[in-house]
Structures are given as structure tokens and as C-alpha cells.
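K.L.:
Given next are the chains, with one letter for each unit.
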Amino acid sequence: MSENIMETMIKETAKVQQKLLKGFENLMNIKDVESGVTPKELVYQEDKVQLFHYKPSKAVCPVPLLVVYALVNRQYMMDIQDDLSLFRKLVDHGLDLYVIDWGYPTKIDKYLTMEDYILGYMDNITDFVREKSGNEKINILGICQGGTFSVIYTALFPEKVKNLVTMVAPIDFCSGDALLNVWAPFIDADLMVDVLGNIPGEFLNLGFLWLKPFQLIIDKYVGLLDRIDDPVSTQNFLRMEKWIFDSPDQPGETFRKYVKELFQENRLCRGDFELGGRRVDLKKITMPVLNMFGEQDHLVSPKCSRPLTELVGSKDVTTLPYPVGHIGMYVSSRAQKEMPPTVAKWLIDRSGRIAKKRAKKISTKKKRGKAT
Amino acid sequence: MDESQKNWIDIMSQWMKLQQVFWKEWVTFTGKSMESMMAVGKPGTILEEGTVAPWKLYQNWVESFQRIFEEEDKEGLGVTVFNRVLRASRVYLDLMDFWSKTLSSLKDIPLGEPLTVDKINDIRQNWIQYYQSMMESLWGEIPSAEMRDTAKALSSSSIAASNFIWSFIEPSFKNMAQLPDVLQRVAKGDRGAVADLGGIFVKNYEDTIGKALLAPSVGYFREFNERLNNMTYSYLQFNTAKASFYSLFYDTGMRAAEKVYEKYAEFVGKEITPETFREFYRIWWTINEDVYQELFRSEEFTKLSREVTSRGLMFRKWVDELFEQILKFTSLPSKRDMDEIYRSLYDLKKEVRNQKRAIKNVEKHLDVKSSPSR
Chain A
1 MSENIMETMI KETAKVQQKL LKGFENLMNI KDVESGVTPK ELVYQEDKVQ LFHYKPSKAV
61 CPVPLLVVYA LVNRQYMMDI QDDLSLFRKL VDHGLDLYVI DWGYPTKIDK YLTMEDYILG
121 YMDNITDFVR EKSGNEKINI LGICQGGTFS VIYTALFPEK VKNLVTMVAP IDFCSGDALL
181 NVWAPFIDAD LMVDVLGNIP GEFLNLGFLW LKPFQLIIDK YVGLLDRIDD PVSTQNFLRM
241 EKWIFDSPDQ PGETFRKYVK ELFQENRLCR GDFELGGRRV DLKKITMPVL NMFGEQDHLV
301 SPKCSRPLTE LVGSKDVTTL PYPVGHIGMY VSSRAQKEMP PTVAKWLIDR SGRIAKKRAK
361 KISTKKKRGK AT
Chain B
1 MDESQKNWID IMSQWMKLQQ VFWKEWVTFT GKSMESMMAV GKPGTILEEG TVAPWKLYQN
61 WVESFQRIFE EEDKEGLGVT VFNRVLRASR VYLDLMDFWS KTLSSLKDIP LGEPLTVDKI
121 NDIRQNWIQY YQSMMESLWG EIPSAEMRDT AKALSSSSIA ASNFIWSFIE PSFKNMAQLP
181 DVLQRVAKGD RGAVADLGGI FVKNYEDTIG KALLAPSVGY FREFNERLNN MTYSYLQFNT
241 AKASFYSLFY DTGMRAAEKV YEKYAEFVGK EITPETFREF YRIWWTINED VYQELFRSEE
301 FTKLSREVTS RGLMFRKWVD ELFEQILKFT SLPSKRDMDE IYRSLYDLKK EVRNQKRAIK
361 NVEKHLDVKS SPSR
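So the protein sequences, as listed, match chains A and B.
For the first sequence, the residue numbers in the numbering used here are 1 to 372.
For the second sequence, the residue numbers in the numbering used here are 1 to 374.
What the hints contain is simulated information worked out from the structure, not anything from laboratory work.
Check each hint, because a few of them may be wrong.
Straight-line Cα separation of at most 25 Å, BS3-like style, residue types lysine-lysine; simulated pairs [stated by the list, open to error]:
| hint | chain 1 | residue 1 | chain 2 | residue 2 |
| --- | --- | --- | --- | --- |
| 1 | A | K260 | B | K328 |
| 2 | A | K107 | B | K242 |
| 3 | B | K350 | A | K107 |
| 4 | A | K107 | B | K335 |
| 5 | B | K350 | A | K48 |
| 6 | B | K364 | A | K212 |
| 7 | B | K317 | A | K48 |
| 8 | A | K11 | B | K356 |
| 9 | A | K107 | B | K328 |
| 10 | B | K17 | B | K32 |
| 11 | B | K364 | A | K132 |
| 12 | B | K188 | B | K211 |
| 13 | B | K211 | B | K360 |
| 14 | B | K360 | A | K137 |
| 15 | A | K137 | B | K211 |
Some chain A residues close to chain B (C-beta under 8 Å, calculated; not the full set) [unchecked claim]:
| hint | residue |
| --- | --- |
| 16 | T8 |
| 17 | K110 |
| 18 | A189 |
| 19 | F208 |
| 20 | Q215 |
| 21 | I218 |
| 22 | K220 |
| 23 | Y221 |
| 24 | L224 |
| 25 | W346 |
We put the CB at the ideal spot given by N, CA and C, even for glycine.
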């Protein structure tokens with residue numbers, strides 16, 4: 001090796017050492033990493049499920065938007081930090097936002113079924129939001145598994161939904177070429193639930209890590225070393241890291257039905273999925289639908305999300321792919337820049353008319369109430 | 001010559017005769033012993049008929065001794081007792097005979113050829129026969145038929161024990177016969193042979209201890225024993241599945257390493273800078289990512305991972321069952337107890353929820369507002 005190279009290597013090593021020392025100092029000074037930064041108010045609670053209201057300073061859309069996140073992971077990903085908060089941006093665009101927090105199921109919740117979540121909690125929350133806002137119908141934004149739940153709910157209660165927005169929502173579980181679709185047929189959901197009860201969040205985390213093991217277990221942390229001397233960058237990393245491993249347990253019976261009837265038998269797509277004895281017919285979704293997904297999504301393949309466009313009965317369906325991955329849909333700079341105004345505009349364009357009629361109805365009802 | 005002199009001459013002549021017989025027998029015995037010892041020293045020599053085999057030396061010496069002292073033509077209590085003692089001492093000869101036949105059967109094993117399971121079983125059957133005949137000779141003088149039957153039952157129980165133990169070890173002999181071949185393949189670097197090696201021991205275990213663990217238990221501690229045995233069995237099953245699973249990862253890692261080294265070879269002769277190490281790292285993790293992605297998509301991986309998960313869950317299930325049994329004797333609630341409570345709570349909550357909904361509908365219908373309870 002020439003002398004120049006030796007000199008470069010020594011300088012590089014010294015630089016890395018300094019970086020590491022600064023990085024350790026940063027880590028020692030970080031107390032906690034907060035998420036969920038946008039102001040909100042707890043307005044409803046049922047068992048462990050909570051509903052938070054994100055009030056806009058200036059409401060533009062008269063119809064409130066109910067955000068339904070997945071049971072897997074936590075919804076504060078959409079509000080992870082000041083400059084990466086989809087919730088804040090949606091609120092800033094004048095949307096009256098309600099967000100469901102499913103909570104952390106414990107052993108006592110092992111018997112909760114998909115019926116309990118969709119026909120129970122979700123329906124009660126929808127009714128609450130309708131009543132609170134004075135709207136007969138509300139807008140729903142379903143994300144990932146929450147998107148699947150929202151689609152099922154809307155098909156069963158189309159009279160309560162004004163517009164439906166889905167984000168990276170798996171609908172056709174057999175078309176996907178993602179690893180989860182490859183592994184799903186081999187999962188013995190019955191044995192898992194019978195033995196474990198609730199499916200531990202750690203088990204799901206392991207599965208997600210195996211989707212890209214070297215990138216997620218090694219390269220991610222090597223990348224951190226590059227910017228560990230920057231306290232802001234380090235904090236952002238730690239916030240994301242906290243969210244990634246903050247996985248609630250999955251209630252056993254919900255997991256059983258979701259894996260067997262959706263993942264393995266693909267009943268939703270086939271048209272014979274039933275919930276609470278009622279068949280879920282996607283053709284009953286006749287209101288406007290906005291279907292967003294990531295073209296590089298390794299978790300929910302675009303092939304799983306795209307078919308919603310053809311399966312619903314609506315004539316007003318907008319399909320919006322983004323050249324990002326699953327997490328990128330929430331936190332990439334492109335998604336942060338383009339998505340909130342797109343969603344807000346799309347919803348506002350389709351929410352105007354009902355609001356005027358509803359306003360008249362509300363005032364009539366109020367007058368009747370005063371008279372009695 | 002008076003009477004006492006006559007008697008003395010009688011005794012002396014009898015004693016001389018005895019010494020003559022002794023001497024004759026001793027010379028014959030010694031000659032044959034020397035012959036057999038010389039023969040044993042020369043490998044490949046076949047002993048001629050009549051030559052005393054080394055393990056027969058003692059037998060022949062006792063027989064010659066008996067021939068000398070056994071007087072069958074005389075009567076009397078002393079003579080009868082003496083003859084019976086001599087005959088009884090034959091029991092040692094029968095024991096010696098049994099051991100000599102047992103050991104001689106080993107010389108039939110040809111050197112340099114593999115010992116097959118059938119050959120071992122033949123040797124075992126011969127030993128059983130020798131043992132049976134020895135036992136029958138030992139009990140030969142039993143007066144009554146019932147005692148004879150008892151004696152037969154005793155010897156047959158030993159044979160039954162031998163057959164039981166054989167059924168336990170026979171699978172081991174059969175499975176281990178494959179071992180030399182597999183070890184050779186492992187030495188040559190055949191990766192599949194490592195898994196095959198584990199497979200031999202797994203099969204061996206399943207054919208022997210595994211069967212014993214799955215046998216039903218009896219007695220006061222039956223429930224506990226069954227759960228303990230099933231837990232042990234499922235733990236071993238889980239570990240064997242894990243071994244196969246890990247060997248798959250090992251195999252994949254080796255393939256990835258080969259590809260990485262091929263890429264590294266392109267850098268030979270080129271200048272090494274700090275950026276080169278970054279490039280090495282990038283090559284290493286991207287190639288490994290691709291190779292492992294390929295593995296994760298394979299049917300072999302999905303089937304094995306299902307097997308590992310299932311066996312792990314079965315182990316967990318039997319641990320729970322065992323704890324269930326242990327906790328019965330304490331005041332602590334078990335998983336089953338808690339599940340009952342959870343189920344009751346769930347049903348109650350569901351009923352309350354339904355009733356609230358019904359009340360709300362009724363109120364809506366009647367246009368009456370209730371107090372907020374949420």
C-alpha cells in the first residue's frame with residue numbers, strides 16, 4: 001500500500017473515531033423520543049380502544065375523516081415527528097381528523113374477533129363520529145390492515161360512509177409476490193392461536209425483519225454510524241426504531257380469521273367472506289374510492305392493493321400508485337409533500353354537497369329538541 | 001499272614017491302583033493340553049477331533065477326576081452321598097460349558113467383513129439356546145412337574161427380557177450400519193451428509209427412546225408422567241427440526257460466501273482505499289440479502305419453518321399441560337383457569353355491548369336521549 005493510502009486510512013479511522021465518540025455523547029444525552037406530536041383530544045373510549053380528535057384550526061372539509069390504522073404496529077407512525085406528520089398536514093389542509101388507537105391487547109382480549117373489531121368497536125366509533133359531527137356519513141381512511149377492515153366495514157355499512165380512502169391496503173391476498181404471501185399458506189394459525197392465545201408482537205417483528213434481514217438487522221445500524229454525530233438525525237432514527245419494535249400482540253381469534261380466511265383462502269376477493277353472518281360484497285361499495293399504494297412495497301405488494309379498483313361497485317375510483325415502499329408511504333419526503341394535499345383535495349371535492357343538507361337537518365333537529 | 005497285614009496289603013494295593021489311574025489320566029490330560037496350546041499358537045490351525053480345546057481343559061480335568069472317584073457298583077449312604085456330590089459339581093462344568101460355547105461362537109465371526117444385524121441376531125439366538133440348555137441341566141434333578149414348570153418359567157422370563165432389549169437395540173444396529181458411509185461423505189465436504197448424519201441419530205432416537213416416551217403410563221402418577229414424557233419427546237422433536245433448519249441456513253451461508261469471494265476476487269491487483277472497504281461491505285450484505293431472499297422463497301424453507309414452528313408450539317403446549325398438572329396442587333391459577341375467566345368476561349362484555357346498542361336503537365326510535373355512559 002502506498003504512503004498516501006496509508007495516510008488516508010489513518011485520517012478516515014480518526015474521523016470515524018471522533019464520530020463515534022460524538023455519537024455516544026448524543027446517545028447519553030437523549031432521555032426519551034416522543035412521537036404523536038400533533039395536539040389531539042381523547043373523545044371516546046371503549047375497553048382498550050380509544051378515539052382521538054385532531055381538530056383543524058380552520059375546517060375546510062365539512063365531513064370528518066376517520067383514520068383506521070392496522071392492529072399490527074401503532075398509528076403514531078403517521079404523526080411520528082414534527083416534520084414527518086401526515087396527521088398534522090391533513091389537519092393543516094382543513095380536514096377534521098379522528099384517529100382510532102386500538103391499544104395494546106392483553107391476554108384478556110384473546111377472544112376478540114374480527115366481528116368485535118369491525119362490527120363492534122369500529123361501528124360504535126363511526127356512529128359516535130357521525131353523531132358528534134352531525135353528519136349522516138363520514139369519510140374513512142384505512143391504512144394497511146386498517147384498510148382491509150375499512151373496506152369490509154364500508155361494504156357492510158355503505159350508508160354510513162361518504163368517501164373511502166385506502167392506503168397500502170391488502171385486498172387480494174393471493175396475487176401478491178411479497179414474502180408474506182409466500183409464507184402465509186404455511187402458517188398453522190389454529191395451532192398458533194390454540195397454544196399461544198394472543199400472537200406476540202415479537203413474533204410478528206421477527207417475521208417482518210426476515211423480509212429483508214441484512215438490510216434491517218445490519219445495514220440499518222451501519223447507516224446509523226454514518227450520522228450518529230448528528231443529534232437530530234439520531235433522534236429521528238430512534239423514534240423510528242421505537243415505532244418499529246412497538247408491536248402490540250394480536251388477539252388470537254382475530255389473527256385466526258384474518259390469516260385463514262383472508263390470507264390463505266382469499267375469501268374477500270372471492271366474494272364469500274362473511275362477518276357476523278353477513279356476506280361482504282365489495283360491489284356494495286358505490287361511493288367514491290381513492291386507492292393509494294406503494295409500487296416498491298415489499299410488505300403489501302401492489303398486486304394485493306391494486307385489485308380493489310376493479311372489485312368495488314363505485315364508478316368514481318381513483319388509483320394512485322407512489323414510487324415508494326411501505327414505510328415510505330408514511331414518511332418519505334415525496335409522500336409527505338404530495339399525499340396530504342392530494343387526499344385533502346380529493347375528499348373536499350367529494351364532500352361538499354352532503355354537508356349543506358346535513359347542516360339544515362341538524363338545525364331542524366336541534367329546534368325539535370328544544371321544543372320538547 | 002494275619003488279618004491286619006492282609007488289610008494293609010489291600011489298602012496299599014488299592015492306593016497303588018489309584019495312583020496308577022491318576023498318573024494315566026494326568027499324562028493323557030497334560031498331553032492333550034500341550035497339544036491344544038501348541039495348536040492355538042498357530043493361526044489358521046483347525047483343531048482335530050479329539051484334541052482338547054483350551055476352554056475345555058477344565059471340563060476334561062473334572063470329568064477325569066469324576067471317573068476316578070465315581071464308584072457306581074458300590075452301595076451305601078456314604079457312596080451315594082459322595083456320588084451325588086460329584087454329580088452336583090458338574091453344575092460348574094455346565095456353567096463352564098455355557099461360557100465356552102458362548103465365547104467359541106465369537107470365533108465364527110469372520111475378520112474383515114462387516115458384522116450384519118442378522119449375524120448379531122444369530123449369535124444372540126445361539127446364546128439363548130446355550131443358556132436354556134444350561135438352565136435345564138441345572139434344574140434337571142427336580143422331583144416334581146410343578147417345580148420343573150416354575151424353573152422353565154424363570155428361564156423363559158430371562159429370554160423374554162433378552163428379546164425386549166434386542167427390540168430396543170436392533171434399530172440402533174441397523175441405523176448405525178449407515179454411519180461409516182455418511183462419515184466418509186462428511187469428510188469429503190458433502191454438506192448434505194451433515195444433515196444425513198443428524199438424520200441417522202434422529203431416526204435412531206425415534207425407533208428406540210422415542211417409542212418408549214410415547215408409551216402410555218400407568219399408576220398414581222400417570223397423568224404427570226404422560227405429560228412429562230410428551231414434553232420431553234416434543235422437546236427432542238423440536239431440537240431435531242431446528243437442526244435441519246439451521247443446516248439450511250448454513251448451506252445458504254456457504255453459497256453466499258462463495259459468491260462474495262468471487263466478487264472480491266475482482267479487486268485483486270487494484271488499489272485499496274477506504275472506499276474499497278465500503279464497497280466490500282456493500283457487496284457482502286447485498287449478495288447475502290439476495291441469496292437469503294432466494295432461500296426464503298423456496299418451498300423447502302417454508303416447509304421446514306412450518307415444521308420448526310409447529311414442533312416448538314407442541315413443546316410449549318406440553319409445557320403448559322405439565323404446569324397445569326403441577327399447579328393443581330397449589331393455590332395458583334393455571335392457564336385453563338384464567339382462560340375460563342377471560343371467556344366469561346368476554347361474553348359478558350359482548351352482552352353488555354349488544355344491550356347498549358339495543359337500548360340506543362330504542363331511544364333513537366323513541367327520540368329520547370340517554371345519559372352518556374361511554
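K.L.:
For every hint, state whether the structure bears it out.
P.N.:
Hint check:
1. Note on K260 (chain A) and K328 (chain B): the hinted pairing is violated, with a Cα-Cα distance of about 35 Å set against a maximum of 25 Å.
2. For the hint pairing K107 (chain A) with K242 (chain B), the CA-to-CA distance comes to about 28 Å; that exceeds 25 Å, so the pair is violated.
3. The straight-line distance between the Cα atoms of K350 (chain B) and K107 (chain A) is roughly 16 Å, inside the 25 Å bound, and the hint therefore holds.
4. In summary, the hint linking K107 (chain A) to K335 (chain B) is supported, as the alpha carbons are separated by about 10 Å, within the 25 Å threshold.
5. Using a Cα cut-off of 25 Å, the hinted pair K350 (chain B) and K48 (chain A) holds, with the two alpha carbons roughly 14 Å apart.
6. The straight-line distance between the Cα atoms of K364 (chain B) and K212 (chain A) is roughly 53 Å, outside the 25 Å bound, and the hint therefore fails.
7. A distance of roughly 28 Å separates the Cα atoms of K317 (chain B) and K48 (chain A); the hinted pair therefore is violated under the 25 Å criterion.
8. Between K11 (chain A) and K356 (chain B) the alpha-carbon distance is near 72 Å, which puts this suggested pair outside the 25 Å criterion.
9. Distance restraint check for K107 (chain A) and K328 (chain B): the Cα-Cα separation of roughly 21 Å lies within the 25 Å cut-off, and the hinted pair is therefore satisfied.
10. Restraint check for K17 (chain B) and K32 (chain B): satisfied, since their Cα atoms lie roughly 23 Å apart, inside the 25 Å limit.
11. Annotation: proposed proximity of K364 (chain B) to K132 (chain A) holds, straight-line Cα distance about 15 Å (limit 25 Å).
12. With a C-alpha separation of about 34 Å, the suggested pair K188 (chain B) and K211 (chain B) falls outside the 25 Å cut-off, and the hint is violated.
13. Between K211 (chain B) and K360 (chain B), the direct Cα distance comes to roughly 62 Å. Violation of the 25 Å bound is thereby established for this hinted pair.
14. For the hint pairing K360 (chain B) with K137 (chain A), the CA-to-CA distance comes to about 18 Å; that is within 25 Å, so the pair holds.
15. For a cut-off of 25 Å, the pair hint linking K137 (chain A) to K211 (chain B) is broken: about 65 Å separates their Cα positions.
16. Nearest Cβ of chain B to the Cβ of T8 (chain A): about 6 Å, under the 8 Å cut. The hint holds.
17. Hint status for K110 (chain A) relative to chain B: holds, with the closest Cβ pair at about 6 Å, below 8 Å.
18. The restraint placing A189 (chain A) at the interface with chain B is violated, with a minimum CB-CB distance near 11 Å, outside the 8 Å limit.
19. Residue-level restraint check for F208 (chain A) is violated (minimum Cβ-Cβ distance to chain B is 13 Å; threshold 8 Å).
20. For Q215 (chain A), the suggested interface contact is upheld, since its CB lies about 6 Å from the closest CB of chain B, less than 8 Å.
21. At about 6 Å, the closest approach between the beta carbon of I218 (chain A) and any beta carbon in chain B falls short of 8 Å, and the interface hint on this residue holds.
22. For K220 (chain A), the shortest C-beta to C-beta distance to chain B is roughly 11 Å, which exceeds 8 Å, and the interface hint is violated.
23. Hint status for Y221 (chain A) relative to chain B: violated, with the closest Cβ pair at about 11 Å, above 8 Å.
24. Taken as an interface hint, L224 (chain A) does not check out: its beta carbon lies about 14 Å from the nearest beta carbon of chain B, beyond 8 Å.
25. With its C-beta approaching chain B no nearer than about 31 Å, W346 (chain A) sits outside the 8 Å limit, and its interface hint is violated.
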